[in-house]
Each structure stands twice: as structure tokens, then as C-alpha cells.
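S.K.: Once you've looked at the hints, dock chain S against the given chain A.
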Amino acid sequence: MRDTITIVVPWFGPDTAGGAETQARQLAVAIHALGEPIEVWASNGRDSFSAPDPYYATGPDVVDGVAVRRFPITPPRPAPHHPYVPPAVLHRGLPAGWLAFPDHELRLLASLASSDELLEAVAAERNQRRFIFVPYPFPTSFWGTLLAGERGYLLPCLHDEPYARYTTYRWMFHHTRRALANSPAERALALRLYNLPPERVVMAGEGIDLTSRGDGAVFRQRHGLAGPVLRYAGRRDAAKNFPLLLMYLREYWARRGTPLKLVLTGRDTAEIPPPLGAIVLDLGDVSLQERHDAYAAADVFIQPSIHESFSIVLMESWLQGVPALVNAHCDVTREAVEASGGGLSFDGFREFAAALDILLADSSLRRELGERGRAWVLEHCRWEDVARRTVAALRDG
Amino acid sequence: MNANEPATSRDPVDAGALLEQLRTDVRARRAAAIRDAHDPARRALQRSLDDIEITRVVSAHWPLTGRTVPEKIIALVNKVVRRYLRWYINPIVEQQNAFNDAAARALRLLAESYEELAGQVALCRAGDAENRDRPGPATGDSGRGEHAPPHTNSSTPVSWPSGYSALMELVRARALREPEARFVELELHDALAQARLHRRVNAHWPLTGRTLLERMAALHNRIVRQYLRWLINPIVEQQNAANDALIATLEHLAGIDAARRAEVAALRARKGDV
Chain A
1 MRDTITIVVP
11 WFGPDTAGGA
21 ETQARQLAVA
31 IHALGEPIEV
41 WASNGRDSFS
51 APDPYYATGP
61 DVVDGVAVRR
71 FPITPPRPAP
81 HHPYVPPAVL
91 HRGLPAGWLA
101 FPDHELRLLA
111 SLASSDELLE
121 AVAAERNQRR
131 FIFVPYPFPT
141 SFWGTLLAGE
151 RGYLLPCLHD
161 EPYARYTTYR
171 WMFHHTRRAL
181 ANSPAERALA
191 LRLYNLPPER
201 VVMAGEGIDL
211 TSRGDGAVFR
221 QRHGLAGPVL
231 RYAGRRDAAK
241 NFPLLLMYLR
251 EYWARRGTPL
261 KLVLTGRDTA
271 EIPPPLGAIV
281 LDLGDVSLQE
291 RHDAYAAADV
301 FIQPSIHESF
311 SIVLMESWLQ
321 GVPALVNAHC
331 DVTREAVEAS
341 GGGLSFDGFR
351 EFAAALDILL
361 ADSSLRRELG
371 ERGRAWVLEH
381 CRWEDVARRT
391 VAALRDG
Chain S
1 MNANEPATSR
11 DPVDAGALLE
21 QLRTDVRARR
31 AAAIRDAHDP
41 ARRALQRSLD
51 DIEITRVVSA
61 HWPLTGRTVP
71 EKIIALVNKV
81 VRRYLRWYIN
91 PIVEQQNAFN
101 DAAARALRLL
111 AESYEELAGQ
121 VALCRAGDAE
131 NRDRPGPATG
141 DSGRGEHAPP
151 HTNSSTPVSW
161 PSGYSALMEL
171 VRARALREPE
181 ARFVELELHD
191 ALAQARLHRR
201 VNAHWPLTGR
211 TLLERMAALH
221 NRIVRQYLRW
231 LINPIVEQQN
241 AANDALIATL
251 EHLAGIDAAR
261 RAEVAALRAR
271 KGDV
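Residue numbers (this note's numbering), protein chains in the order written: chain A, 1 to 397; chain S, 1 to 274.
What the hints contain is simulated information worked out from the structure, not anything from laboratory work. Honestly, I wouldn't trust all of these hints.
[Stated by the list, open to error] From the derived model, a few chain A residues whose C-beta atoms are all more than 12 Å from chain S:
id	residue
1	Gln128
2	Tyr163
3	Met203
4	Asp362
5	Arg389
[As the list claims (entries may be wrong)] Which bits of chain S does chain A cover? Going by a derived footprint, with three or more residues having C-beta under 8 Å, they are:
id	segment
6	180-194
7	256-266
We put the beta carbon where it would ideally sit given N, CA and C, even for glycine.
So that you can see chain A by itself, here it is in the shape it has in the complex:
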């Protein structure tokens, strides 16, 4: 009998937001469609945007046809609490080298939401399962890989950020059986940061729903948009370079006087100075269709973030045939743009302005670049292919 593939993610459910969470959900459906036994384990919390309280019912559930088991959330223990070791780990012994982990790294782990009961279940059922832990920074992944041993795989969604250099995560990457990368750049980063043998990090890739169709004309009409429309989707925080985007756009607007509009969607809020209301249309949390309509209505999709392992939103915008402008300092998105020819990149404001000038100047160029991006997505982002590569990495490794 085949082991049950078990995706372990901090949060999981129809109301859960976040890139890694969306990836876990769609990957589970794709693996299920291949006829592989699959289950998802998560805490009963909602997501990283919400308070770490119970949101979903504890126990078994079914989401998109996939069996889900939810466990009580263990709330974070922020500083000045001592580092926290879950009971499941204490009962089975701490990892060798435990004393070498710096205090602040263990405190970071303690400050993130987890589930002690989920970890206990990982330890208890490890012989019947192969676990995929998503994403890398959470205690469910760190302690989970420790408890799963040879049956633990990591879908890290790794970003080039300070935390990635912590010794705890280095230890985790070395003790997990294999890591599954979303993009070649993410794989290269993992190999470089942790000095792993090449076969330990597999390029499984990531997919998106290729059936989405947005109606740009209807969206423009609905919101009274006439001039250039720019699009950003994602978290509105400094980690995603959202403030940088607003500043660059403000300066571009001041210099050019172009009556442009940046369309934002998403649940999290951002403080946008009222005078920028002239160039920012914040729609907040919208339906899936409205989100795709907004992509389709855009002249240019801008991805300023440098912390990406794949960028679902970039692929979604390409699917609607919209050219992209990405941050040249992000290997993942820049390499995707280079490979697809679906847009341009910027390194600093001057290139941002010059690239935007070029993209906004000619609709035929925009169409051509957008089509290239769309063709690339259709070729590289099929969930079925991703699921096959993922299962192969688990069964062969």
C-alpha cells in the first residue's frame, strides 16, 4: 500500500489567504486528481493576516475534494518568553546540536503559530505517511521535519531574506529528505545558502489555474477607468516592497502628469495618503472573478517584491495577457521575465520610469509582451505536470 502524501501547512481552508497556502491547496487538488492518496494537515487558525485563534472546526473536513485534518492552534509565544520546544519533540529527544542554535532563532520559532497536537500526530503516524511541509519558516515545518525524519519533504517557498540564513533553517534543510523548489532561482538559492548536494533540491515548479478568464473592458467600465491602468496584487507591506512601488509611482506621476491608476486588490490594508487617491484604486477583498478582471484591465502588472519563490500573481497577470514590470533584484521574477520575454525589469527609479514609459507608449508592444508571458505560463504552470514532478520526487527520493 502506498503511503499517504500529507501536506502540512500552518493554515488551510476556503477563507485562508496567502501564497504558500494557495499553493498547498492547489497542489493537494492536483495530486488528488492523479489518484494519489493525499491528505492535508493544518491548525484550525485562519491565516497569517488573522489573529492566531481557532477559526475552522477542529477535526476532519473536506476541501475541494481533498481530506483535511485540523488540529488546535498553539498560539505564538513572542519575546520575552523562553524558546519553546513542543511536547512531541521533548518526548522524543532534542536534535543533536540543539545547544548551538542561537536563542533569538529559537525565539523566532516560538513567536510563530503552530500546533502541538499536529506535531504529535506527525510523530505518531510517520510510518504510514510522507510529509510535505509548507512553507519553511514555521514551527510546523521546523519541528515537523525533525519528527518526520526520512519521511519529511520540504516545500519551502524560500526567499532570500535574513531568516533564511538562520542556523535552525540550515539544519532543517540538511535534515529533510528533499526540498521541492518552485523555480530554478529558488533552487539555486537553496543550494547556495545551505551548500546542499544538487539532488537534494528538486525543481518541482508551481502551477496556477489556467482556466481563469478576466474581462478587462467590463472592469474598466465598472470602475470608470479611462487612462493607463497599472496593477499590483499581493501583501501591502515593506517585505513585498509595496511602499517602494507607491513612492516610485508617485514620483512618476509627478514628473509625467500621466493620469494613471494603480489597481489594488487584497484583504490587508495599507495607509495610502489621500492625495494619492487620484492614482490608486484600492478595491480591497474582491471575488476571484473581479481579481482576474482587474488583471485583464491592466496595461502593466508591476511586481516590486524581491522576496518571491514563484509569484502566483505574476503568472495570473500573464495568463490574462498583461506585460509585467518586475524588480531586477528578484532573481525569481527577473529570470521568469527573461525566459518568457513577457515584460521588463527595473533597477531603481530611473529604470522604473524608463520601462514604464516604453510599456505605456505602445499598445501593440504591450500586447506582444503580454502574449509571450501568457504562452510561457500555459507551457510551464500546468498543475498536472507540477503534481507529477512532486509525486515523483517523493516516491523516488
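M.R.: Relative to chain A, chain S alone:
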């Protein structure tokens, strides 16, 4: 070539317009320099910022000396006590210094941002004055290389290089002609993030040890700290309240700064629309 057509790397540079912009810029900066030199508020602000720089570092190791023999004995005892307690006092002082450093940096950046914003307003006014003296419509700039919006929804008959690399060469060539922009707010965001990170001075960090000797020393220190908390904790709590208030003020100022920048950007954009 009309205003909506994109420039290419082979475009001739409009030397006359460029020189005119430079002249406007120089005139505005000269006016700003003269104004600054005679502005007592600006000089006072600079002095205050200099004072912050001089006083922001707290030291727990000022000289302890005495002239007479009893004073020297007292100084020696104090030195011993200070040395004995440095495991306790120094980390507290270092935490406060980390906060002071970030808060002082945020204040300096806010002052720079204010100056830069004042410069932008001066350039707008200089542009207004020039446009008033000049026949015909304003060219829509504030003397910083601003130009007409390039967007068109129609397909302009332009032959673009194909492929990412060739297009990026064009982007880089055109970027060289784009005036540089400094975003003080980005540095301000960093400084505020650092200040937030260090706002809470903690007098109760874990005292642990890995060897038996270290654990015994840690136990001793915990007892001493427990005894001295009547003295140290109120000082730390007062300092933390002050840090919180300072952070809140800096955040409000940063918010006001962002709003003013947006207002000036709107003004500049409108002028560009003329």
C-alpha cells in the same frame, strides 16, 4: 514626433530645453540657499539635530575620580560596584542606545525630507514665476526634467527591438536621461522599523548558563537582579514610556510627511498636465 511617441535611444537631445531646466534648477537652489542662510528656524533645527548627535549615546562608564583621599576611596568602591554590576546595567544601556540611534536617524531623515520637500515646492514656485513671465502654455515641469505623459492606448507605429535583452538595453539608455530621484522615505521606513524593534528596553532577559559554573553565576545574578528591581525597573519603565511616545510622534510625523509629499506630487502632476 508628437508628445505621445516614445523617445528612442537615437533621439536628439533637446539641448535648449535641458539648459533651461538646469537654469531654473540652479536659480531655485540658489534662492533656497539664500533663504536657508537667513532662516533662524532652520539654523535652530540644525543646531538641535547636532545636539541630538552629540548626546544620543548614553554611557555607563563616565570617569570616577576623587581629589581627596576619602573621595578617591569612594571612587574606587564605586568603580568596583560598577564593574560588579556591568552584566546588569550595560545591556540595558546598550538597548537604549540602539533605540536612540534609530530614533535620532529617523529625526535627521525627517528633517532632510522636510528640506527636500521645501525644495520641491520652491522649484514649483520658480516654475510658476517663469511661466507667468513667458507667453503661451506652461511646459509643465518643476525644473526636474519632467515631460509630457507618454501613454497612448492606440498602437503607435514604432519599431521596438525584440526580445528582453534588447528592450532592456533601451530601458537602460533611456534611464540615463531620467533625472535621479532620492526617496528619503525609504531610509525613514528603515530607521522607524529599527526604532520600533528597539523601543522596549528589557531589564529581564533570560539569565542562563550551559556549564555548571555559568549556571551558578546566572543564579547569583538572578538573585541580585531580583533585589535591585525596585531601583532599575522604574527607570526602565519610564524610559520605555518615553520611547513609546517618541515612536508615536515619529510615526505621526512620517505620516504627515508622506501626505505632504503626495500633495506636492499632485501639484507637480497637475502642472505637468497644463
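S.K.: All hints are to be evaluated individually against the structure, with a verdict given for each.
M.R.: Tested hints:
Every Cβ of chain S is farther than 12 Å from the Cβ of A:Gln128; the closest lies at roughly 39 Å, confirming the non-interface assignment. Residue placement check: A:Tyr163 keeps its beta carbon more than 12 Å from all beta carbons of chain S (closest about 14 Å). Remark: the non-interface label on A:Met203 is consistent with the geometry, its nearest Cβ contact in chain S lying 21 Å away (cut-off 12 Å). Listed as outside the interface, A:Asp362 is inconsistent with that label: its C-beta sits roughly 5 Å from the nearest C-beta of chain S, within the 12 Å cut-off.
The claim that A:Arg389 lies off the interface holds: its Cβ sits roughly 26 Å from the closest Cβ of chain S, which is beyond the 12 Å cut-off. For the segment 180-194 of chain S, the assignment as covered by chain A holds, since 7 residues bring a beta-carbon within under 8 Å of that chain's beta-carbons and 3 suffice. Beta-carbon proximity to chain A at under 8 Å applies to 8 residues in the segment 256-266 of chain S; the threshold of 3 is reached and the given coverage holds.
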